Amino acid sequence: MRFLELNSADLDEVLKRYAEEEAEAREVRRRYADWDYIRKQPPRIRAALEYYVESGDIRRACLIAGMDLEDFRELLRRANMPVVV
Amino acid sequence: MSAREPEFAIADTCFLIDWARYRYRDVLFKLFKTVFVPETILREVKSENTIAWIASNLAKGHLTLYTETADVVSEATSIVEASKRSPHLISVELPEAVCLAVGRRRGYVVLTENRGLILFSSISSDYRDVAIWRALEVIAMASLKELLEIECSDLEARFKEYEEETLISS
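One line per chain: the protein sequences are A and B, in this order. Oh and the first sequence: position 49 is 41 in this note's numbering, straight run, nothing missing. Oh and the second sequence: position 9 is 516 in this note's numbering, straight run, nothing missing.
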């Protein structure tokens, strides 16, 4: 599998843009999240929601929660958390 | 996106479970002749609303099941492994990777909301040319083609409407 050359201008540009977008997305998730709801969840679910707020990685958050994707998406809705892409 | 109008798309779970809640969801079938749903993706969907919408459109022929072949699964597994090896990336899992592999092989538009997949395709030379659309691109394209009964100036309101409809808890 071929990737853009590490340290190439293209890769730097893509990763820089991604980091900026991800920082903005993280801020949106933090701002919109219903933190009272999140804090009331059992430890595993709370950890998964907090992980999702910080990372935006829904698949890994599902693993942490021990939930499938659709149930976890519903949990995000209950926590008032937008899926920012 | 290629100059030719895309006729086919392949959708992943993240896209389908939100899109099925959107009031103008059937506009998808005005944009594409067929939208493929891999079997691995179908197995992940379980809510009544989403399953009912998928089943009804499978029956109408708007959606078509995609049965993964061994070579597609093998390519998808390579994508998963490559994404997990790179510290820059959010890991990509097999269901989304199948969509990307099929998108590359067949020239289908990949419909996804998965950030990991979007980033992966943007830094992989092998997958950079695969067209990847999120719901917002689908709505924008439908608006551009005047398939949604709105003025272009209302596009922002349409995005907001989509965001609200997919955020509401059932």
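Since the hints were made in silico from the structure, they are not lab data. Take these hints with a grain of salt, some might be off.
[Stated by the list, open to error] Subject to a maximum C-alpha distance of 20 Å in a straight line, what follows is the list of computed SDA-like cross-link-like pairs (lysine to any residue):
(1) B/K667 x A/R22
(2) B/K667 x A/E19
(3) B/K591 x A/R22
(4) B/K591 x A/E19
(5) B/K667 x A/E66
(6) B/K591 x A/D49
Please read these numbers as outputs of a predicted model, since none were measured by experiment.
Looking back at the numbered hints, which does the structure fail to meet, lowest number first? 3 and 4
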